[in-house]
Every structure is written in structure tokens, then in C-alpha cells.
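*Asks:* Each chain, letter by letter, is given below.
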Amino acid sequence: MNPSATVGRIVGTRAQDAGFVVDLLLRTVAASPKLVRRVRFTLDMAFNAGVRSLPVTLVVAAFAGAILAMQTGIELRRFGDTAVLGTITALSMCREMGPFITGVILAATVGSAMAAELGTMQVSDEVAALEVMSVDPVDYLVLPRVVALAVMCPTLTVLSNLIGIWGGSVIAEHNLGVSPDLYWISAREALTSSGTMLPKEVYVGLLKAFVFGVAIATVSCASGLRAGGGALGVGLAVQTAVRNSVILIIVLGFIVTWFFYFLAG
Amino acid sequence: MIELRDVCKRLGERQVLDHMSFRVPKGMNFVLMGPSGCGKSVTLKHVIGILRPDSGSVQVDDQDVQSMDRAQLMALRKRMGYLFQNGALINWLTVAENVALPLREHARVSKSELQQRVHEVLGLVGMDHAATQYPPAISGGMKLRTGLARALVTNPEYVLYDEPNAGLDPIISKQIHELIVEVRDRLGVTGLIVTHSRACATQCGDRIGIIENGRLGIEGSVAEILASDNPLARSFLDGGTD
Numbered sequence: 001m002n003p004s005a006t007v008g009r010i011v012g013t014r015a016q017d018a019g020f021v022v023d024l025l026l027r028t029v030a031a032s033p034k035l036v037r038r039v040r041f042t043l044d045m046a047f048n049a050g051v052r053s054l055p056v057t058l059v060v061a062a063f064a065g066a067i068l069a070m071q072t073g074i075e076l077r078r079f080g081d082t083a084v085l086g087t088i089t090a091l092s093m094c095r096e097m098g099p100f101i102t103g104v105i106l107a108a109t110v111g112s113a114m115a116a117e118l119g120t121m122q123v124s125d126e127v128a129a130l131e132v133m134s135v136d137p138v139d140y141l142v143l144p145r146v147v148a149l150a151v152m153c154p155t156l157t158v159l160s161n162l163i164g165i166w167g168g169s170v171i172a173e174h175n176l177g178v179s180p181d182l183y184w185i186s187a188r189e190a191l192t193s194s195g196t197m198l199p200k201e202v203y204v205g206l207l208k209a210f211v212f213g214v215a216i217a218t219v220s221c222a223s224g225l226r227a228g229g230g231a232l233g234v235g236l237a238v239q240t241a242v243r244n245s246v247i248l249i250i251v252l253g254f255i256v257t258w259f260f261y262f263l264a265g
Numbered sequence: 001m002i003e004l005r006d007v008c009k010r011l012g013e014r015q016v017l018d019h020m021s022f023r024v025p026k027g028m029n030f031v032l033m034g035p036s037g038c039g040k041s042v043t044l045k046h047v048i049g050i051l052r053p054d055s056g057s058v059q060v061d062d063q064d065v066q067s068m069d070r071a072q073l074m075a076l077r078k079r080m081g082y083l084f085q086n087g088a089l090i091n092w093l094t095v096a097e098n099v100a101l102p103l104r105e106h107a108r109v110s111k112s113e114l115q116q117r118v119h120e121v122l123g124l125v126g127m128d129h130a131a132t133q134y135p136p137a138i139s140g141g142m143k144l145r146t147g148l149a150r151a152l153v154t155n156p157e158y159v160l161y162d163e164p165n166a167g168l169d170p171i172i173s174k175q176i177h178e179l180i181v182e183v184r185d186r187l188g189v190t191g192l193i194v195t196h197s198r199a200c201a202t203q204c205g206d207r208i209g210i211i212e213n214g215r216l217g218i219e220g221s222v223a224e225i226l227a228s229d230n231p232l233a234r235s236f237l238d239g240g241t242d
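Protein sequences, first through last, are from chains U and Y. Under the numbering used here, the first residue of the first sequence is numbered 1, with each subsequent residue one higher. Under the numbering used here, the first residue of the second sequence is numbered 1, with each subsequent residue one higher.
Hint data in this document are derived by calculation from the structure and do not stem from the laboratory. Among the hints, a few may not be true.
No farther apart than 27 Å at their CA atoms in a straight line, the calculated lysine-lysine pairs in the DSSO-like style are these [as the list claims (entries may be wrong)]:
{"no.": "1", "chain 1": "Y", "residue 1": "78", "chain 2": "Y", "residue 2": "111"}
{"no.": "2", "chain 1": "Y", "residue 1": "78", "chain 2": "U", "residue 2": "34"}
{"no.": "3", "chain 1": "Y", "residue 1": "45", "chain 2": "Y", "residue 2": "78"}
{"no.": "4", "chain 1": "U", "residue 1": "34", "chain 2": "Y", "residue 2": "174"}
{"no.": "5", "chain 1": "Y", "residue 1": "174", "chain 2": "Y", "residue 2": "45"}
{"no.": "6", "chain 1": "Y", "residue 1": "174", "chain 2": "Y", "residue 2": "26"}
Pairwise CB distance ranges (calculated) [as the list claims (entries may be wrong)]:
{"no.": "7", "chain 1": "U", "residue 1": "6", "chain 2": "Y", "residue 2": "63", "range": "42 to 48 Å"}
{"no.": "8", "chain 1": "Y", "residue 1": "6", "chain 2": "U", "residue 2": "18", "range": "48 to 54 Å"}
{"no.": "9", "chain 1": "Y", "residue 1": "169", "chain 2": "U", "residue 2": "12", "range": "54 to 60 Å"}
{"no.": "10", "chain 1": "Y", "residue 1": "107", "chain 2": "U", "residue 2": "44", "range": "22 to 28 Å"}
{"no.": "11", "chain 1": "Y", "residue 1": "50", "chain 2": "U", "residue 2": "55", "range": "23 to 29 Å"}
{"no.": "12", "chain 1": "Y", "residue 1": "134", "chain 2": "U", "residue 2": "20", "range": "30 to 36 Å"}
{"no.": "13", "chain 1": "Y", "residue 1": "64", "chain 2": "U", "residue 2": "158", "range": "50 to 56 Å"}
{"no.": "14", "chain 1": "U", "residue 1": "9", "chain 2": "Y", "residue 2": "134", "range": "38 to 44 Å"}
If we take Cβ atoms under 8 Å as the criterion, some of the chain U residues that face chain Y in the derived model are [claimed, not checked]:
{"no.": "15", "residue": "124"}
{"no.": "16", "residue": "125"}
{"no.": "17", "residue": "126"}
{"no.": "18", "residue": "129"}
{"no.": "19", "residue": "133"}
{"no.": "20", "residue": "134"}
{"no.": "21", "residue": "150"}
{"no.": "22", "residue": "151"}
{"no.": "23", "residue": "181"}
{"no.": "24", "residue": "185"}
These figures come from a predicted structure and were not determined experimentally. Every residue gets a Cβ at the ideal spot worked out from N, C-alpha and C, and that includes glycine.
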């Protein structure tokens, strides 16, 4: 076996996969005027996505906020500066943790389901049936899913942020001796110090969540639409969807943070 | 008329179609037979423009399918129905919603006209009683009949049948065959049927073509093929499944 040929083949396949995802995203954007015909289906999708992932998102967010407050509070207590715990927890949740947690949970719950649904449709000729009926699978299947996650990811992120900050407040009060008033006032001030209606910490986090929602849905639909080879192929499509979504969440999260806090100041 | 001229198609390492040529005149059921993997379904996908040939031409009513753009292909597909092996119904839509799908997407018809048309074609295939059921709750034969109703709902000029009796028992198969014949006789629809079932070929077909090495090894009317002592014809008709 020639190692160079193997590496070349793997790189070629990955480039093809990436090209398919980008092409699918562009076709989805181009199909967006047809969304008015898919409103009901999109709302169903959004409702399912929210219901399916809300409980787990809230539990994970509460514990993530608690862990964040605990770890930070231990160090701050050494310097006698636990008064800023609310600030740190609120900023960390809104900027990074909230969107990240929500994104990963959506990838694991909703993204995997999307890849499995579309993969099953692909291997059982349902996607081909749409094509022969001149129904564009992008407009009929992908667009509602992308829009649903683009809306639900920021929505769930707002809840994640609030529950995470609340989780931190429980630890701050019971384990670190920070008064609830002090914690909540410092958290609120951190998020409203800019004086604008939507502070940068919040809108950058929500923008991230929007980007994650679009990325998860597109990658998951792309994996499903490229599935082949029966049940095994559907399983592989789900695996690929979750893996690629998580990688994209981390990479895109870094790019958005870098853009807003370093490049654009 | 559907006409394939010297169509070649390679998929991966395999030459699936190798100078495949045949024509299907209007109002006729043409049956393509051959063993699994010989290129029968690939041929159908060329006719409807899902696949494009490496060389040769595919024509429907003297229009080159392979050179059509997306809009032209959509227009062509609106004139064609396609019955998939398992019906390929959308699982979250009821039987009636599945049948209504092509009309909902393309035709500007009122709700009552749409319901009327759906009721009509479901009646034709004997599925009116199951209109509100979902595909996972119905049998394989019912799925196929629903798939046929969906293929017919737009009043197509052509219907392509991909293994219309695959996995069905002989009684349900016979019902499907009778439906295919009825579609030709009552609606004047031209059919291109791929199958490896002798019963399907002889009951539904006007002409039969048998694929060998990526092209038609023998072609003729049902009577000619049945009377032929050609080894390829004999191997299929004597050993063909019911």
C-alpha cells in the first residue's frame, strides 16, 4: 500500500465532503425564499428540537455554571476576591459556555436524529422519490431543519445562560459564602456595563449560537444525504454528523471570539 | 417515445451500461429483464435524468435528457411517474398526503380539486380505505399501490416501474400486474418496467428486452420471447421467478 496515495485519497475524500456541505449551505440559502411554504414543517422541527433537547440542556447548563463558579471561586477565595464571582460566571456563560453547551447537546440529540432521518430516507429511495417528483430535497428537507436549529440554538442558549448563572449562584451562596445580592448585582452589571440594550457579551454569544445551529443542521443533513449502504451507512452518517458538528462548534466558536474580541476589538 | 442510443455508463470500476439501445413507443409497456446488478435500475435513472450517460443519448419525445438543465428536467419529470421498489413513501405523511405531494408542490389546484384527484387515484389502485393511514402501518403491497397512485396523480404520459413486485407474494404481485396493465389500457400511459420476474414480464409487457453484459442481448414481443429458443431468453423465462 502506498502511504502517499492513501493520504491523498483521505484528503480528497475530506475535501469532497467539505465541498458538499458548503454547496448544501449555499443551496439552502438560495432556497430560503421558499420558506413561506414550509412554515408549518419548520415550526414542527423547531418544536421537536426544543422539546428533545431542553431538559438535558438545562441540567447540563446548571451543572456547568455550578462547576464554573466552584472552580473560579476556589481560586478567588485565596485572594479574598469572591465578589467578582457573579461577573466571571455571567460573562463565561454568555460568551462561551452557554452557546458551546447548547451546541454540543443539539449536535448529539437533534443533529444525530436529522442525520438518521435523512440517511434512512436516502437509503430507502425516499430522497430520490422527491427528486423524480421535481421536489427539491434541499427546499423540502434541509431548509426547514436549518432554519429550525438557527432559531432554536440561540433560544436554548438564552435559557442555558440563565440556568448556568443560577447554578453558579447556588454554589456561590452555599459553598463560597457570597451573598446572593452581591452575586446577582455583579452578574447584572457585567452584562449591562456597556449601557446598550444588547451588550456585546450577549450578542456575540447569541451570534455564536446562531452559527452553531446553522452548522449543526447543515452538517447533519449533508451526512444523511450522503448515506449509502443500508443500516450500516445510516449509522456511519450519524457518527460523521456528530463528530463533524462538534469539531465545527469548537473551530467556529474560536473564529467568532477571535473576530469580535481581537480583530474587531 | 423513450429512446436510448448507445448509452454507456461506468459506476466506479464497473461498466454497467455498454452501448445500451432500445426504444419504447407510446402506449406500450416495455419490460427490461436481467439479473440483479445488471443495470436495470441504472437505465431507469438515466431516463428520468437522475444519472447522465458517459456517452450515447437518452431521448424522451425527441428531447435529449442528458443535455437538459434543472428547469427542463423538472418539466420532464412532471410528465413522468416513477414507482420505486418499496414505494418510497414519506413516512411522516399519510397515504393521501403522500399521493397529494406532487400536486401540492407543483399544480395550482384548489383544495377540493386536490382531494377529488387524490380520491380518484386512490380508488383506482384500491387504496381509498387506507387514505388516513401512515406508511409504517401498511403492508408492502399497499405501499406499492400508494406509490403507484402517487406516480399517477399528475396524469403522467410515462411511468417507470422499478421492480414493481419485489418482495410480494404471488397474489399481491398479480394485483399489481393487473394495475399496471389497467394503467396502460385505461389511461394510455407508456410504461418502462424493470423486473427479473417472468410473471411480471409476461403479464404486464408488450415487448421484452433482456440485458446481457450491459446491453440488450435479445428483444422482442412477449410471444416472440416466449417462443424463442435463444439461450438467454430461455434462461430467464425458464428460471425466472414468479
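*Asks:* Determine for every hint whether it applies to the structure shown.
*Replies:* Results of checking the hints against the structure:
Distance check on the hinted pair: residue 78 of chain Y and residue 111 of chain Y sit about 20 Å apart at the alpha-carbon level, within 27 Å; holds. Of the pairs offered as hints, the one joining residue 78 of chain Y and residue 34 of chain U holds, with about 19 Å between alpha carbons and a cut-off of 27 Å not exceeded. For the hint linking residue 45 of chain Y to residue 78 of chain Y, the alpha-carbon distance of about 15 Å falls within 27 Å, and the restraint holds. Distance restraint check for residue 34 of chain U and residue 174 of chain Y: the Cα-Cα separation of roughly 42 Å exceeds the 27 Å cut-off, and the hinted pair is therefore not satisfied.
Straight-line distance between C-alpha atoms of residue 174 of chain Y and residue 45 of chain Y comes to about 25 Å, which keeps the hinted pair within the 27 Å bound. A threshold of 27 Å between alpha carbons decides the hint, and for residue 174 of chain Y with residue 26 of chain Y the separation of about 24 Å falls inside it, so the pair holds. Checked against the given bound of 42 to 48 Å, the beta carbons of residue 6 of chain U and residue 63 of chain Y, roughly 45 Å apart, stay inside it. The supplied range of 48 to 54 Å is broken by residue 6 of chain Y and residue 18 of chain U, whose beta-carbon atoms lie about 37 Å from each other.
For the hinted restraint 54 to 60 Å between residue 169 of chain Y and residue 12 of chain U, the CB-CB distance of approximately 46 Å leaves it violated. The hinted range of 22 to 28 Å is satisfied by residue 107 of chain Y and residue 44 of chain U, whose Cβ atoms lie roughly 24 Å apart. Checked against the hint of 23 to 29 Å, the pair residue 50 of chain Y and residue 55 of chain U fails, with Cβ atoms roughly 42 Å apart. Judged by the Cβ atoms, the range 30 to 36 Å given for residue 134 of chain Y and residue 20 of chain U holds: they are separated by roughly 31 Å.
For residue 64 of chain Y and residue 158 of chain U, the hinted distance range of 50 to 56 Å is satisfied, since their beta carbons lie about 54 Å from each other. Taking 38 to 44 Å as the suggested C-beta distance range, the pair residue 9 of chain U and residue 134 of chain Y conforms, at roughly 43 Å. Here the hint on residue 124 of chain U is kept, as its CB sits about 6 Å from the closest CB of chain Y, short of 8 Å. Annotation: residue 125 of chain U was flagged as interfacial toward chain Y, and the flag holds, the nearest CB pair being 4 Å apart, inside 8 Å.
Given hint, residue 126 of chain U at the interface with chain Y, holds; its Cβ is 5 Å from that chain's nearest Cβ, closer than 8 Å. Interface hint at residue 129 of chain U: satisfied, since its Cβ lies 4 Å from the closest Cβ of chain Y, which is below the 8 Å cut-off. For residue 133 of chain U, the interface hint holds, the least distance from its beta-carbon to any beta-carbon of chain Y being 5 Å, beneath 8 Å. Annotation: residue 134 of chain U was flagged as interfacial toward chain Y, and the flag holds, the nearest CB pair being 4 Å apart, inside 8 Å.
Taking 8 Å as the C-beta contact cut-off toward chain Y, the hint placing residue 150 of chain U at the interface is violated, the least distance being around 21 Å. Hint status for residue 151 of chain U relative to chain Y: violated, with the closest Cβ pair at about 20 Å, above 8 Å. For residue 181 of chain U, the suggested interface contact is broken, since its CB lies about 51 Å from the closest CB of chain Y, more than 8 Å. Nearest Cβ of chain Y to the Cβ of residue 185 of chain U: about 49 Å, over the 8 Å cut. The hint is violated.
Checked against the numbered hints given earlier, the structure breaks hints 4, 8, 9, 11, 21, 22, 23, 24 and satisfies all the rest.
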